[in-house]
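Letter by letter, the chains look like this.
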Amino acid sequence: SGELYCSLPNPRNVHFESINMKNVLHWSAPEGTGDGVLYKVKYSVYGVGKWIRKPECRNINRTWCDLSRETSDYEEQYYATVKAFLNGMCSDWMETTRFNPLTDTKIDPPMISVSSTEKSISIILTAPEKWNRSPEGEPISLLQVYPGLQYNVSVLNKKTKKRWFFSVSNNTLVVPWLEPGTAYCVSAQIYVTTPLLHSGFSKEYCIDTLKDKTA
Amino acid sequence: EDALLPAPQNISILSINMKHFLTWSPVIVEGETVRYSVEFQGEYEREYANESWIPICECSLITATVCNITEDISATVAYNLRVRADVGASRSEWGTLKGFFNRITTSLTPPLMKVIADGYHLLVELEDMGPAFQFCVLYWKKGQESRMQQKVVKEVSSVVHLDTMEAGPDYCVKAQTYVETINRSSSFSQTQCVRAQGGRSMWL
Amino acid sequence: TAGNKIFHFGPCRISMSMTEIRSGFTAIKANIQARDPIRTLSILSHPHSLHKVKSSDRCCITYHLFNFYVDKVFKHCKTEDSYVNRKISSIANSFLSVKRRLGQCHEQNKCVCGQESAEKFKQILANYEGLNVISAAIKSLGELDILLDWME
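Chains as they are written, first to last, in my numbering: chain A, 23 to 237; chain B, 122 to 325; chain C, 1191 to 1342.
Possibly wrong hints are sitting among the right ones.
[What the hints assert, rightly or not] No more than 25 Å apart at the CA atoms, straight line, and that leaves these computed lysine to any residue pairs for SDA-like:
| # | chain 1 | residue 1 | chain 2 | residue 2 |
| --- | --- | --- | --- | --- |
| 1 | A | LYS141 | B | SER279 |
| 2 | A | LYS141 | B | VAL281 |
| 3 | A | LYS72 | C | ASP1271 |
| 4 | B | LYS140 | C | THR1216 |
| 5 | A | LYS76 | A | SER156 |
In short, the hints are calculated from the structure, not lab data.
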């Protein structure tokens, strides 16, 4: 069908928001348009000739569209584009910058599980999983995507208020020779040196070492 | 522009711990403010880009006689540097650094280090010297220098845990910096020894 | 940290400050890619992806690509933006020192070139020469992360 009359203001700030390679396209509504604006989304693989429609994001009124499935191959790079429609008018197609899932994603902090004995605490760290195409399928840890992934672990002695840092390559850490009957709080961060990616620190997990039975 | 203005002299590099500064003597013109501009040229520019020079805009028409060139000296190759002076419409010839500068010649100082005994735990606090730096920390039981242990600390985040200590003997620690990009290390810091004391830290 | 990486291409071992190159590229990525309006062509990744290169050919392809960037690409990427030019100089000088080390490996026959790498590199040159020199150079520079991602 012929192009509609395209003088509607354009969608704004069209960009990917990516966490653990769950890649969601976001944008802001065109300036000065109230309710009723509908949108279409297309995406393309950089270096390949065509724009591909995203049927699930055709004539939608929300301002996001999950393109994780379409951009799950992180050896490729992508563009996406959005067009707005209102009362028979339309906007231009507004594009993202080039999106590289490998370097442009954000990484969640690791999951932590902590156990304790009288004089030690044991920490198990689990890197988040990459967004998965088929939820029933085999999950892929971000460790497989970023082989150089390491953990920064912070251990806080609640009594002395002293905080220590450990840099750990594998996913377990045992801190021995602690004070019995004392609360320790653990939090951890993921960091990858190249490409340079850091997660934030996780929330703190606190645990008490067991009381000294002989005391 | 006539070039009556003398070119800056005594151009030299001050490079410590991968921070590189170009310095020169001031050009004196009575009653006038002299301004200076700095340019650099890497090996790539000399060999592949018609010996082109690249201006450092943070050091363009400045009155200071020092320029922080760290950001631009970001490869381990030989760089040329030059400075010229401006007063009003007068502009000097370029004064060029004698010889090249390669960051591999930076001088590396031992790291500031503080060793802490917290209960039975041996910890070290290291100064953050920037992303180019790692630390090689050696620690041993006093008298057992032959059984020295080593830990490489890449991410400096305040207090770093080294190991646990037995009660009684002194534990000694020293550290040096290592810069991967130039594959060089500093000399070691002073050795510091501490002793575990049933949960109370104890300096020796 | 500086993220120096030792790349093992068979007998050829190359140390490369990846983090410095990546941070230089990240600083100008948006600026450079915005100057490349052609979405439908890639110099490095289509029609054949670098990721399909056999491991035995990786050294040779890397050797050719570093020569390609130093000899052909960087010199045509001068912009009106002094900051961008300084970052390009930083990357170019880092590439030059790696190119030298790869060259030594190649001279010592530690970086053997097979049929596949020759074909792949021929394709890359064909992609490059299919555009005018400035567009091709800017597109190649904008694809530096494709090369770095593949190398890592």
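Consistency of the hints with the structure:
Among the hinted pairs, LYS141 of chain A with SER279 of chain B is consistent with the structure: their alpha-carbon atoms are about 24 Å apart, no more than 25 Å. For the hint pairing LYS141 of chain A with VAL281 of chain B, the CA-to-CA distance comes to about 20 Å; that is within 25 Å, so the pair holds. For a cut-off of 25 Å, the pair hint linking LYS72 of chain A to ASP1271 of chain C is broken: about 32 Å separates their Cα positions. Taking the CA atoms of LYS140 of chain B and THR1216 of chain C, the gap is near 22 Å; set against the 25 Å cutoff, the hint holds.
Between LYS76 of chain A and SER156 of chain A the alpha-carbon distance is near 18 Å, which keeps this suggested pair within the 25 Å criterion.
In summary, the one numbered hint that this structure violates is 3.
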